[in-house]
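K.L.:
Quick note, the sequences are listed as chains G and V, same order. Just so you know, our numbering puts 374 at position 374 of the first sequence, and the rest follows in order with no gaps. Just so you know, our numbering puts 41 at position 41 of the second sequence, and the rest follows in order with no gaps.
Keep in mind that the hints were calculated from the coordinates and are not lab data. Heads up, the beta-carbon is just placed ideally off N, CA and C, and yes, glycines get one too. Any given hint might turn out to be false.
[As the list claims (entries may be wrong)] Computed list of lysine-lysine pairs in BS3-like fashion (alpha-carbon distance at most 27 Å, straight line):
(1) G:53 to V:264
(2) V:264 to G:331
(3) G:247 to G:445
(4) G:26 to G:224
(5) G:246 to G:224
(6) G:247 to G:173
[Said to hold, decoys possible] Restraint-style ranges between C-beta atoms, simulated for each label pair:
(7) V:174 to G:260: 27 to 35 Å
(8) V:63 to G:102: 54 to 62 Å
(9) V:63 to G:382: 54 to 62 Å
(10) G:390 to V:227: 51 to 59 Å
(11) V:359 to G:65: 33 to 41 Å
(12) G:273 to V:167: 41 to 49 Å
(13) V:345 to G:399: 39 to 47 Å
(14) G:378 to V:360: 37 to 45 Å
(15) V:359 to G:399: 18 to 26 Å
(16) G:461 to V:265: 49 to 57 Å
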Amino acid sequence: MQLELRGITKRFPGVVANDNINLTLKTGEVLCLIGENGAGKSTLMNVLYGMYKADEGQIVLDGAPVVFMSPADAIAAGIGMVHQHFMLVPVFTVAENVVLGVEPTGRLGSLDIDKAREMVREVSDRYNLNLDPDAIIEDLPVGVQQRVEIVKVLLRDAKVVVFDEPTAVLTPKEIIEFFEIVKTLIAAGRGVVFITHKLKEALNVADRIAVLRRGQVVGEVDPKTATESQIAEMMVGRPVQLIVDKKPHTPGEVVLEVRDLSVLDADGRTMVDSVSFSVRAGEVVGIAGVQGNGQTELVDALTGLRNSTRGRVALDGQDITSASPRVRHAKGIAHIPEDRQRQGLVGGLSIAENLVLTRYHDEEFSHGIVMDWPVAHSVAENLIAEYDVRTPSADIESSTLSGGNQQKVIVARELSRPLRLSIAAQPTRGVDVGSIEYIHSRIIKERDTGTAVLIVSTELDEVMALSDRLLVMYRGKIVADLDPRVTSAMDVGLYMAGSRPANVVNA
Amino acid sequence: MKIVAILRKVADRIARTSSFRITLLAVLSAMVVGAFIIILSDINKLQNGDILGATKTVGSAYWALVVGSVGSLRAISATINSATPLILCGVSVAVAFKAGLFNIGATGQMLAGGMSALWVGFAMDGPGYIQVPLAVLAGAVGGAAFGAIPGILKARTGAHEVITTIMLNNMAGFLVLWLLKTNLYQREDRTDPISKFVTPTGRLPRLFGFLSDRPDLVAHTGFVVAILAVIVYWWFLNRSTTGFEFRAFGMNADAAQYAGMHTKRLTVMAMMFAGAFAGLAGSAEVLGTYGYGSQNFAGDIGYDAIAIALLGRSTPFGTLFAALLFGALQAGGRQMQANTDVPIDLIVVLRALIVMFIAAPLLIKAIWRIKVEPTSLGQVFRGQGS
Numbered sequence: 001m002q003l004e005l006r007g008i009t010k011r012f013p014g015v016v017a018n019d020n021i022n023l024t025l026k027t028g029e030v031l032c033l034i035g036e037n038g039a040g041k042s043t044l045m046n047v048l049y050g051m052y053k054a055d056e057g058q059i060v061l062d063g064a065p066v067v068f069m070s071p072a073d074a075i076a077a078g079i080g081m082v083h084q085h086f087m088l089v090p091v092f093t094v095a096e097n098v099v100l101g102v103e104p105t106g107r108l109g110s111l112d113i114d115k116a117r118e119m120v121r122e123v124s125d126r127y128n129l130n131l132d133p134d135a136i137i138e139d140l141p142v143g144v145q146q147r148v149e150i151v152k153v154l155l156r157d158a159k160v161v162v163f164d165e166p167t168a169v170l171t172p173k174e175i176i177e178f179f180e181i182v183k184t185l186i187a188a189g190r191g192v193v194f195i196t197h198k199l200k201e202a203l204n205v206a207d208r209i210a211v212l213r214r215g216q217v218v219g220e221v222d223p224k225t226a227t228e229s230q231i232a233e234m235m236v237g238r239p240v241q242l243i244v245d246k247k248p249h250t251p252g253e254v255v256l257e258v259r260d261l262s263v264l265d266a267d268g269r270t271m272v273d274s275v276s277f278s279v280r281a282g283e284v285v286g287i288a289g290v291q292g293n294g295q296t297e298l299v300d301a302l303t304g305l306r307n308s309t310r311g312r313v314a315l316d317g318q319d320i321t322s323a324s325p326r327v328r329h330a331k332g333i334a335h336i337p338e339d340r341q342r343q344g345l346v347g348g349l350s351i352a353e354n355l356v357l358t359r360y361h362d363e364e365f366s367h368g369i370v371m372d373w374p375v376a377h378s379v380a381e382n383l384i385a386e387y388d389v390r391t392p393s394a395d396i397e398s399s400t401l402s403g404g405n406q407q408k409v410i411v412a413r414e415l416s417r418p419l420r421l422s423i424a425a426q427p428t429r430g431v432d433v434g435s436i437e438y439i440h441s442r443i444i445k446e447r448d449t450g451t452a453v454l455i456v457s458t459e460l461d462e463v464m465a466l467s468d469r470l471l472v473m474y475r476g477k478i479v480a481d482l483d484p485r486v487t488s489a490m491d492v493g494l495y496m497a498g499s500r501p502a503n504v505v506n507a
Numbered sequence: 001m002k003i004v005a006i007l008r009k010v011a012d013r014i015a016r017t018s019s020f021r022i023t024l025l026a027v028l029s030a031m032v033v034g035a036f037i038i039i040l041s042d043i044n045k046l047q048n049g050d051i052l053g054a055t056k057t058v059g060s061a062y063w064a065l066v067v068g069s070v071g072s073l074r075a076i077s078a079t080i081n082s083a084t085p086l087i088l089c090g091v092s093v094a095v096a097f098k099a100g101l102f103n104i105g106a107t108g109q110m111l112a113g114g115m116s117a118l119w120v121g122f123a124m125d126g127p128g129y130i131q132v133p134l135a136v137l138a139g140a141v142g143g144a145a146f147g148a149i150p151g152i153l154k155a156r157t158g159a160h161e162v163i164t165t166i167m168l169n170n171m172a173g174f175l176v177l178w179l180l181k182t183n184l185y186q187r188e189d190r191t192d193p194i195s196k197f198v199t200p201t202g203r204l205p206r207l208f209g210f211l212s213d214r215p216d217l218v219a220h221t222g223f224v225v226a227i228l229a230v231i232v233y234w235w236f237l238n239r240s241t242t243g244f245e246f247r248a249f250g251m252n253a254d255a256a257q258y259a260g261m262h263t264k265r266l267t268v269m270a271m272m273f274a275g276a277f278a279g280l281a282g283s284a285e286v287l288g289t290y291g292y293g294s295q296n297f298a299g300d301i302g303y304d305a306i307a308i309a310l311l312g313r314s315t316p317f318g319t320l321f322a323a324l325l326f327g328a329l330q331a332g333g334r335q336m337q338a339n340t341d342v343p344i345d346l347i348v349v350l351r352a353l354i355v356m357f358i359a360a361p362l363l364i365k366a367i368w369r370i371k372v373e374p375t376s377l378g379q380v381f382r383g384q385g386s
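I would like the entire structure built from these sequences, with the hints used as guidance.
P.N.:
Structure below.
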């Protein structure tokens, strides 16, 4: 099968999301679609999947133009999609989820669950997916859930499988397994479209890489000869610094002191288990770990959003264990939250309003209960310019910004005041290459002015590059305190998985 | 068919210009459906096959609506009179909406406010310029106190405000019934639940009092209070720190908490503000329209207010216009009932239809064949950052 997109143009009010895009995909190859957020990858795939109708251009399947009015048409034509956010019923078994919508039925329309099991087992064996048809979805790790999604797509006879940022939710080990699965799919004669903004992955897995920028395909590169910086430059439109450029740090006095801190989650499970560490002025301490090992709860406790059950948190020697978020803010703690949509921004408020979200009560922005919007506005204009937030105006709703620009709004708000401690959780999750470079440089700049910086990230490369000291969190405990300059990513990965590098065990 | 084409063009244009479009088209659609209802209910003419005659009924009914609501000074006065409590209760629901809370309790708050205002209205006999503001204010305080109850319950225990406000409406109703039978409130010569008269100095002055030859113009200065309330609401929402907190909290409670806002305090405050506005509506009815308190002076106003806030998208001026529209329908409906055989119940149907169409923008778009991007249908495929 050969799938062609010819001259696809899709306009939204005020923007051309896709501008005359031409792409060809053959079965038996991996096409990687790489581009920054807002480059038009998602729109293009929505067109391909029948969610949007293109304003111009056509989709050509084996030489014949086709029109997809809905995803059902696209599925019928052999296009399958694995979404970033899985569409699975958590309490159903693997087999039940897989056959949902195409249930094999026995007499009187009853569900033939044995047939369903057999179908799952058959596909699972053929593609080496190693799935248990009777496992309940919610008990499975994310990587396995993703394989269930893949089986769903394969059972609907997809010739082309589109993966939307498939590695975003996976651990390093799962990513490697995922790439094996992609190879199996190709070997079985399917085609794969792989959407990502991660350069390493694109180079690793693709047969061809198409680079999107501002709605246009700015070029196709051959992963055998292309380099990361070359692709990054095509994505952003200018040369990009891919390595964090930082001078050796000069740590000062202890700013944040955490002693025996324990934190429970909403269900009463201990998520942070007697954790102790400290962060000094002018130092970046990174906390690495696979998602869900207590990092979220730790950050919540440090920023006052969640009570700790035990232990002590001190800032500059002062106890702040039970201080409110506002008090901590006033003491010079900045917080870049891990989920910008849920916590960091109010999508329905304007950019200017979001830029003062944590600071509106400061003398600068309000007098008593009266907001001083003109001042807030002019400060916002300055921040937008200084932090390079790409927006036509400070008055538009922040939800209309791309992820990278939303994150810049948060970074601008949190870092643009005198600070003692800056806590950044997943500071570049879902952020494009150009913005990552910028946000990283801002964080290092903050360190160089003598702020203590705590970075929590599941992105191993990121914590390795930024940190002066690297802690690894596993099941609520800090299991390693490492010097990232002399530690390999492999070793950190082992700590993250709960084991110990062999050389350490022997030592 | 050309008319249809023109209409569609107009509709298309409205659709593209603003979010105001849906509201306008919803009203228009409701009127169209209402027209069919009028025709279908005109049994006599339909039985005689007189479809043209039935169509004429539609014309005269809608014409009576217009004349009865804005056709004369008297009509305008009636519209204003009907709209006054609707504006205040609309703002009540709207301000809670903005903070993410669903205030079904405007009725109860209105009753609580009205009873407080009533007491100042009959127990005091002072100069009007002191008594009236005091009585009006008492209404706001009474409403705020009653509104605080569901707020505190929500903040402290998480009890959902929809449930508690509905329950409190019933409690307020019976509380009023009991109060009206006490010596404090009950009119001396009566055995039924009816209150003493507000002293003449305590009455809200009539809006058209300066026209001495027109005692039939019943609108009172409660309308001025309502307009002031809309302006205060606007200022509060857009210019005050607390209003900013309300909006942030209403749109994203997690972000509000992250930003260090005291979300529990905001919950209580929002319900108190809502109660205060509804309480003012009680003041206006008791001190302006009636001059005494009866068992059911709140009527369905508190429930209509939900539709009004929805129609006005909880914005200050949107709510004002929606309330004026509902008030006009109310006033015009009376005229319509008098002039034609169409019962005033049609107004209830029209309002219900408007709300239904507002709540179903996709239906509106489908009816008027407005070309829209299916973004609101939800994206299946989302970029990681989006």
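K.L.:
Evaluate each hint against the coordinates.
P.N.:
Here is what the structure says about each hint:
no.: 1; hint: G:53 to V:264; in the structure: 45 Å, violated
no.: 2; hint: V:264 to G:331; in the structure: 23 Å, holds
no.: 3; hint: G:247 to G:445; in the structure: 10 Å, holds
no.: 4; hint: G:26 to G:224; in the structure: 18 Å, holds
no.: 5; hint: G:246 to G:224; in the structure: 30 Å, violated
no.: 6; hint: G:247 to G:173; in the structure: 32 Å, violated
no.: 7; hint: V:174 to G:260: 27 to 35 Å; in the structure: 56 Å, violated
no.: 8; hint: V:63 to G:102: 54 to 62 Å; in the structure: 58 Å, holds
no.: 9; hint: V:63 to G:382: 54 to 62 Å; in the structure: 58 Å, holds
no.: 10; hint: G:390 to V:227: 51 to 59 Å; in the structure: 42 Å, violated
no.: 11; hint: V:359 to G:65: 33 to 41 Å; in the structure: 39 Å, holds
no.: 12; hint: G:273 to V:167: 41 to 49 Å; in the structure: 44 Å, holds
no.: 13; hint: V:345 to G:399: 39 to 47 Å; in the structure: 42 Å, holds
no.: 14; hint: G:378 to V:360: 37 to 45 Å; in the structure: 42 Å, holds
no.: 15; hint: V:359 to G:399: 18 to 26 Å; in the structure: 22 Å, holds
no.: 16; hint: G:461 to V:265: 49 to 57 Å; in the structure: 43 Å, violated
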